[in-house]
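Engineer: Listed below, chain by chain, are the residues.
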Amino acid sequence: MKFFRRLRRNPSISKTNPDAIFALSSAYITLETKLGLKNTGRSALSLKVVDGMYFEDMKQDVQQFLDASKSEFGMRYRVVKDSYGYLWIIVEAGRMEDNLAGLTAISDTVEEKGFADQLLAVVFEFSITMDKNSIAYLIYNYKRNKFYPFVPAGQKNRDSEQEMKILAAADQELPFEKDMSLWYPLWDLPL
Amino acid sequence: MILSFAILTLLYLIFLSVLAYLGLGAVPIIIIASAMILAQFYFSDRIVLWSSGAKVVSREQYPQLHEIIERIVARNNLPKPRVAIIDTNMPNAFATGRGRKSSVVAVTTGLLQILDTEEVEGVIAHELTHIRNRDALVLTLASLFSTVAWYLMQFGFYGGLYGGGGYGYGGRDRNSGGAMIIILLVAMLTWVVSFLIIRAISRYREFAADRGSAQMTGKPVKLANALLKISGSMRRIPTKDLRQVEGLNAFFIVPALTGSTIANLFSTHPPVEKRVQKLMEMEASMS
Numbered sequence: 000m001k002f003f004r005r006l007r008r009n010p011s012i013s014k015t016n017p018d019a020i021f022a023l024s025s026a027y028i029t030l031e032t033k034l035g036l037k038n039t040g041r042s043a044l045s046l047k048v049v050d051g052m053y054f055e056d057m058k059q060d061v062q063q064f065l066d067a068s069k070s071e072f073g074m075r076y077r078v079v080k081d082s083y084g085y086l087w088i089i090v091e092a093g094r095m096e097d098n099l100a101g102l103t104a105i106s107d108t109v110e111e112k113g114f115a116d117q118l119l120a121v122v123f124e125f126s127i128t129m130d131k132n133s134i135a136y137l138i139y140n141y142k143r144n145k146f147y148p149f150v151p152a153g154q155k156n157r158d159s160e161q162e163m164k165i166l167a168a169a170d171q172e173l174p175f176e177k178d179m180s181l182w183y184p185l186w187d188l189p190l
Numbered sequence: 000m001i002l003s004f005a006i007l008t009l010l011y012l013i014f015l016s017v018l019a020y021l022g023l024g025a026v027p028i029i030i031i032a033s034a035m036i037l038a039q040f041y042f043s044d045r046i047v048l049w050s051s052g053a054k055v056v057s058r059e060q061y062p063q064l065h066e067i068i069e070r071i072v073a074r075n076n077l078p079k080p081r082v083a084i085i086d087t088n089m090p091n092a093f094a095t096g097r098g099r100k101s102s103v104v105a106v107t108t109g110l111l112q113i114l115d116t117e118e119v120e121g122v123i124a125h126e127l128t129h130i131r132n133r134d135a136l137v138l139t140l141a142s143l144f145s146t147v148a149w150y151l152m153q154f155g156f157y158g159g160l161y162g163g164g165g166y167g168y169g170g171r172d173r174n175s176g177g178a179m180i181i182i183l184l185v186a187m188l189t190w191v192v193s194f195l196i197i198r199a200i201s202r203y204r205e206f207a208a209d210r211g212s213a214q215m216t217g218k219p220v221k222l223a224n225a226l227l228k229i230s231g232s233m234r235r236i237p238t239k240d241l242r243q244v245e246g247l248n249a250f251f252i253v254p255a256l257t258g259s260t261i262a263n264l265f266s267t268h269p270p271v272e273k274r275v276q277k278l279m280e281m282e283a284s285m286s
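Here the protein sequences come in this chain order: A and B.
Using numbering that gives the first Met the number 0, the letters of the first sequence correspond one by one to residues 0 to 190.
Using numbering that gives the first Met the number 0, the letters of the second sequence correspond one by one to residues 0 to 286.
Chain A with its partners taken away, still in its complex shape (with noise of 0.2 Å):
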């Protein structure tokens, strides 16, 4: 039956699904009870930028958004380019809850703009406060609408071990995703 569920999803039609990235909204306190990962109020969305007039509109209009909710939220941005030619849209607010609200505000401009496959991820950071100086990610890919973590330890090298009790300590929360060969790093991110 699997081969045949299989064949009907078809991954390329799937939609952002904003009750996926709101589930956050409660399973960040597991995160801090269970593992001690505290939420530093910094995200980042990531998207493709794509040269042409509609998307500096969009652009345009997503500032404008961040500017007029600046002062109601206590939200901070910044706009940076990386060399994969991606756009990081850097928020830090103080509660998870205004990120939230601000990150799917942002992705819901871009859509309307008719940019949602240019969409690729939301990355939450989190301080590991076991461990001082570590950082830890939870990455929410757009195209298959799933979390899951990183956890970078030095040089590209990944903390598999922390990344797997992130997964089981969230797992029930939040849509993980289960195949790990799909848990692609974001290295050197600006956030």
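Where hints are given, some of them may not hold.
[To be verified] Derived lysine-lysine pairs resembling PhoX-like cross-links, with alpha carbons at most 25 Å apart:
(1) A:Lys33 x B:Lys218
(2) A:Lys58 x A:Lys69
(3) B:Lys273 x A:Lys33
(4) B:Lys277 x A:Lys155
(5) A:Lys177 x B:Lys273
(6) A:Lys145 x B:Lys277
(7) B:Lys239 x A:Lys47
(8) B:Lys277 x A:Lys177
(9) A:Lys177 x B:Lys100
(10) A:Lys177 x B:Lys228
(11) B:Lys218 x A:Lys37
(12) A:Lys47 x A:Lys155
[To be verified] Derived contacts from chain B toward chain A, CB cut-off under 8 Å, selection only:
(13) Leu37
(14) Val220
(15) Ala223
(16) Asn224
(17) Leu227
(18) Arg235
(19) Pro237
(20) Thr238
(21) Arg242
(22) Val244
(23) Glu282
(24) Ala283
These are computed hints drawn from the structure, not numbers from a lab.
Ideal Cβ placement from N, Cα and C applies to all residues, glycine included.
Fit chain B to the supplied structure of chain A, relying on the hints for placement.
Structural biologist: For chain B alone, coordinates are given in the frame of chain A:
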């Protein structure tokens, strides 16, 4: 180890078939068969150690490994097994022996190289659970069943044919060709089914040993990590950047039928992903 048992079983079957063909009675064949299986069970540790090239090592040669094993054994009130080392880069471990007292735990030098102390502990605890659960005995009994099933099959059919002699020899001759084929088919089917059952039992015992290891060490994540390292699945967690693969449409590929379902039926161990998943569930319920 399981493979060698399977091959041995096959050899028995051929041997017993030859004996049956030579017209030996049922009772001598049953006696010979049980003697062989008992001998296999009794000498299993020596057979396995010899065929794998494992060498029993003393506390002086491998103090660290001995200490790890002594720690787990003391905590869980188990008799300490003998410790053996296999000199190969392939990371692996096994336990053998007919009872709790005469058992051996063997690890490869490759395993000790790639795993850290806590991961080795997880693997050893897994093997110790196999010993505690007497899994070697369970599997020997299971293969005994398949041997007996095979023999009964043949005996029943021959018996049925001779019993039906009342029809006269002419009747038997007419049907003997078809009957032989049926005998062969049913016997093969019996053997295949019991072979698959043995594999299923073995896979179940693996899960049980994982659970036992998690309870002994209290750290299922360490065994999960060790399993990933041993199976080379560590490489499955990619290091290539998402932005690099995004253009390759890596996410649109519909997973092909890899034939893994069929492979699963025949394998003695459950897939690593499944085992890791179960271990992580245990980790989640422990923390």
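Engineer: Next step is simple, just say for each hint if it's right about the structure.
Structural biologist: We went through each hint and held it up to the structure:
1. A:Lys33 x B:Lys218: Between Lys33 of chain A and Lys218 of chain B the Cα gap is close to 15 Å, so the pair holds against 25 Å.
2. A:Lys58 x A:Lys69: Satisfied, since the Cα-Cα distance of roughly 16 Å is no more than 25 Å.
3. B:Lys273 x A:Lys33: Answer holds: Lys273 of chain B to Lys33 of chain A is near 23 Å, not above 25 Å.
4. B:Lys277 x A:Lys155: Outside the cut-off at roughly 28 Å; violated.
5. A:Lys177 x B:Lys273: 11 Å, holds
6. A:Lys145 x B:Lys277: 20 Å, holds
7. B:Lys239 x A:Lys47: 18 Å, holds
8. B:Lys277 x A:Lys177: Distance of about 13 Å is within 25 Å: holds.
9. A:Lys177 x B:Lys100: 41 Å, violated
10. A:Lys177 x B:Lys228: 18 Å, holds
11. B:Lys218 x A:Lys37: Holds, at about 23 Å.
12. A:Lys47 x A:Lys155: Status holds; Cα separation ~23 Å.
13. Leu37: 43 Å, violated
14. Val220: With Cβ-Cβ at 6 Å, under 8 Å, it holds.
15. Ala223: 6 Å, holds
16. Asn224: With Cβ-Cβ at 5 Å, under 8 Å, it holds.
17. Leu227: Status holds, d = 7 Å.
18. Arg235: With a closest approach of 5 Å, the Arg235 of chain B hint holds.
19. Pro237: 5 Å, holds
20. Thr238: 6 Å, holds
21. Arg242: Where the cut-off is 8 Å and the nearest Cβ of chain A is about 4 Å from Arg242 of chain B, the hint holds.
22. Val244: Hint on Val244 of chain B: holds, closest Cβ of chain A at ~6 Å, below 8 Å.
23. Glu282: Glu282 of chain B check passes; min Cβ-Cβ to chain A is 5 Å, inside 8 Å.
24. Ala283: Holds. Min distance 4 Å.
Against the hints set out earlier in the document, violations occur for numbers 4, 9, 13.
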